[in-house]
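From the two separate chains plus the hints, produce the assembled complex.
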Amino acid sequence: MFRIGFLPLVDAALPILAHEQGFAAAEGVGIELVRDMTWATVRDRLLYGHTDAAHLIAPLAIATTLGRGRPAVPLSVPFVLGLNGNAVTLSTALAQAVELGDGLADPVALGARLRAVATARAAAGTPLRFGVVHRYSSHNYMLRYWLAAVGIQPDRDIEIVVTSPPFAADALAAGEVDGICVGEPWNSIAVDRGVGRIALVTAQIWRRGVEKVLALRNDTMAERGDEVAALLRALHRAAAHFLAPDTAEDSAAILSRPEYCAAPAATVLRAITDRVRLAQDAEALHIPDFMFQYREAANFPWRSQAAWLYSQMTRWDGTPFSPEEAKAAEGVFRPDLYRAALAGSSATLPGASSKMEGSIDSATGVGATQGRLILGSDRFFDGRAFDPDKIPAYLNGLAG
Amino acid sequence: MRIAIIDTSTTRAAIISEGLREAGLGDLALIDPAGPLLAQLEAARPEVVLVNLENPSRDVLEDFFAMSRALARPIAMFVDQSDAESTAAAVDAGVSAYIVDGLAKQRIKPVLDLAVRRFQAFARLQNELAEAKNALADRQAVDRAKAILMKRRGLDEPAAYALLRSHAMQSNRRIAEIAEAIVTSDALMGDL
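In order, the protein sequences belong to chains P and F. No gaps in the numbering here: position 10 of the first sequence is 782 in my numbering, and each next residue is one more. No gaps in the numbering here: position 146 of the second sequence is 161 in my numbering, and each next residue is one more.
Because the hints were derived from the structure by calculation, they are not lab data. Bear in mind the structure is a predicted one, so any value in this text is a computation, not a measurement. All C-beta atoms in this analysis are idealised placements derived from N, C-alpha and C, irrespective of residue type, glycine included. Please note that a few of the clues may not be correct.
Each pair of labels, with its calculated beta carbon distance range [stated by the list, open to error]:
1) F/E100 <-> P/T1136: 52 to 60 Å
2) P/A896 <-> F/S83: 21 to 29 Å
3) F/E146 <-> P/R928: 39 to 47 Å
4) P/M1128 <-> F/Q135: 50 to 58 Å
5) P/G1090 <-> F/E143: 44 to 52 Å
6) F/E143 <-> P/P1060: 32 to 40 Å
7) F/A103 <-> P/L1015: 45 to 53 Å
8) P/G947 <-> F/Q135: 39 to 47 Å
Bound-form chain F, shown alone (with noise of 0.2 Å):
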């Protein structure tokens, strides 16, 4: 069973061909979203097409489907059709997928579960990935209100990080952001 992934993550796509690929579905076509969709498609020939929920060529792909000669016209998967409940969860996952006719359910269901596995897992990637760099970029801030504390101030840097602490509870606003702000008006100051 040959499946075809169409995602505008390339990261997301080798994630997702790794999973197929230890459970055993080693017919892969991974669909380079620089070059031309549709001939690519052609020339895989896949009996299984995944792509992302927002892909933006959706559209082109579907009436690619409708019309095409060279694919035995893969239809999109559906509630009542298939297995509802994991064709539900591929849909919130952001998962959508093309089946050629006559494919049989019991063998389409253990891919749509892995690819809404390895999306669930690249998103909670991506989170924990943004959570970091904000984290990053907090710390920073907080680090470079304190030295120019301590410099404009004279204070120790418990001190200096006492004044942010308690500014931030006074004006119900993060630590952060009030470090973000003194960094901001240094930098727009400068030594006045």
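Pulled out of the complex, with its shape left as it was, chain P reads as follows (with noise of 0.2 Å):
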């Protein structure tokens, strides 16, 4: 029995069909989902063995991990739940302010206009101020990518504070928060109610950004390894019944049930299929690979990725970096824990278990011990590239 902790997110979505369409039962491993409000408690009670495993914000595993305002416990990450969901969304004033138009903005001149905006505001004595997830969420960070690549410095320019998901709509519309950054299906919501407009999705920031993870204790990993990897097992079937033709309604209408989501059905629907509705009163747009759930290969949790999050803990922490905790933050990613579950199954293993991260221009073959795996474009929005092994010149780029 895997008791699993999450937060009410359409991206809680794999442990949730796994245990309601009968994928745990049919690897012998029983799961029981544990609803909590804020990351924080997630974290605790996965630390405190309330919780086997936890649905949780990928940079919160590291940060728990490298001993990040507070006393390090190790996490392992063998199986990553999703890519990218995330959205920008600007209070309807702001909208306004930087002139949204009917589509997506382009990140760049959106940028461009919010930086008019931000510093106005700044020399105000009112700076603009935006809400995401958690300090360590890739929310944060790919906010503050976005923000600090267009010429806006955060924490300077800029005020970013904390709303956990299901306030953000609310810090929204009590005026608390000019922007939030945040999961679905928070985002609809706020804009389903009017005091919200969707400006950016973060798959335009990084195209193939990691999002949120599946975390264990290091001790459950080393204690219960047979049943993790039919737990793993479970969570990959969830992950192609998720994509199969026909299945969206009925994953959206479970995902909306009061005690996963508690949101309309018809919300969830629209994010699973990747359409979202900008405005109020707008028709959805269908946008690719908002959410990344199963195709090539995302599962798998490669090194790099979790490099790039290390990366960006010591830009915004402002601490050193450490070869040796760049070496930590990777560990807690665990490509061989992926394989040996996997191996013989139809899940795609790649051959390598670290990429440069952001430089693929188009589909592109990559080596796979198992399958065939094609890499379509992980760019980011200002086009460079991450080398997981030249972290300190990636960061002194960056800076300059």
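Set out below in structure tokens:
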């Protein structure tokens, strides 16, 4: 039996479906889902043994291992639960000020207009304030990456505060923040309530940004390796099912239930079919790669993804790069466990464990030890590539 | 040692602060959940922060602790760092604690142990209250069902109760459930 902690988000889909659609039972493991409202509670339940595994924001698994803001506890990530699926939603007032059009904004053009507003607001002593879901979240790092690259210095030109996902739309409605970067269904809920407009999706900032992961304590991995492998096979089958034709409505009906996302099924359905409604009365727009749960070995925990998150952690925590920390951070992601669990299954297994991030322009075949792997564009919006072996040089380039 | 208490339940916060006061820990700051959280904390400058585990503001709090220049960066209480048993007991009871660095372990333990006992006492009270409420609702439903049966079927009270009881046994349901069904159907059917 695995008790799995989660927050009410669409990207908690795989453990929920593994349980509800019987994939876990077919692999001989039980799942009990434990819902919470903050990442701090999800993390604490995992650390203190109230749960055995957790749906977790990837940077928090690394921060917990490195002991940022608390004593260190080593965690393992043998499976990525999804890529992207987040958006930047602006208050209707800010959307008007930056002249959002009907479609998705261009990150560079929007950045220039936002910079003008941010500068004026900072000069007036009422700086713009954006909410992200956690200090150690991909949302925080994606938002900051975009802002810094368009010349808006976070913490100087603009404030970034924390608002937990279920309260993000409320914070926008109450005027506590001018924008939010959060996962679905919470952007769409803000849009449907008429309190915000979606400006960008995070896939526009990094086309293949790592998002939620399955995290376990290292002692659980050591003691229950076979059971964890069975759980990973169940999650893989759930991911294949999630992407299969004609399953979206069923999945949306399950995920929208009160014990999971407690959100309208139509809103959840839009998110999982990559259709996003940008403004209250607009038609939903199809955004390819909005949310990425399965294709291109999306569940494979690339060590280079962990390395990128670590690079951003040093950048925004203001701590020096440390080779030892970088190694520990990369070591949180466990491609070895993924391979061992899924050998002989239908899962595609990459030959490498690390790659250049942001270096692929168009569909490219890469080495695989099982199945055939073609990776699509994984670009960052500013065209920079990340070499996990050259983090200090990468950080110097970003600062300049 | 100043202790701040942040709790979504003001009743529980009052129960905890009373306990701390009785134990001679009177330097307390009760944070009003309806007020501005961070401003209140900044003004209180606590060395220990007690917060219920499921408090919806915990991510906001942790970010504040990491960033704050006003407070001496409290960090989460942790099993390996302090007394393993009392920290685990705290999490089980639903308490999480943040402590400023350098505060001696032996000074924290009584605070945490007391908070745990008060949290548990509060949970017991709530259970008892819920049980009492249910029992009262059950009794009211049974009384009303008996009255309906007495009027409609011309029975006396013991016979009405016996009828309810035998029907409950036959259908393997609680007497209160049968009673509720009778009350509901009577309300729907009226004088038919």
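Each hint tested on the structure:
A C-beta distance of roughly 55 Å is found between F/E100 and P/T1136, which places it inside the suggested range of 52 to 60 Å. Between P/A896 and F/S83 the Cβ separation comes to about 25 Å, which falls inside the hinted range of 21 to 29 Å. A C-beta distance of roughly 56 Å is found between F/E146 and P/R928, which places it outside the suggested range of 39 to 47 Å. The supplied range of 50 to 58 Å is met by P/M1128 and F/Q135, whose beta-carbon atoms lie about 54 Å from each other.
Distance hint check: the CB atoms of P/G1090 and F/E143 are about 51 Å apart, consistent with the given range 44 to 52 Å. Separation of F/E143 from P/P1060 is about 56 Å and departs from the stated range, judged on CB atoms against 32 to 40 Å. Range check, F/A103 to P/L1015: about 40 Å between beta-carbon atoms, so the 45 to 53 Å window is missed. The beta-carbon spacing between P/G947 and F/Q135, approximately 40 Å, falls within the hinted interval of 39 to 47 Å.
Checked against the numbered hints given earlier, this structure breaks hints 3, 6, 7; the rest are met.
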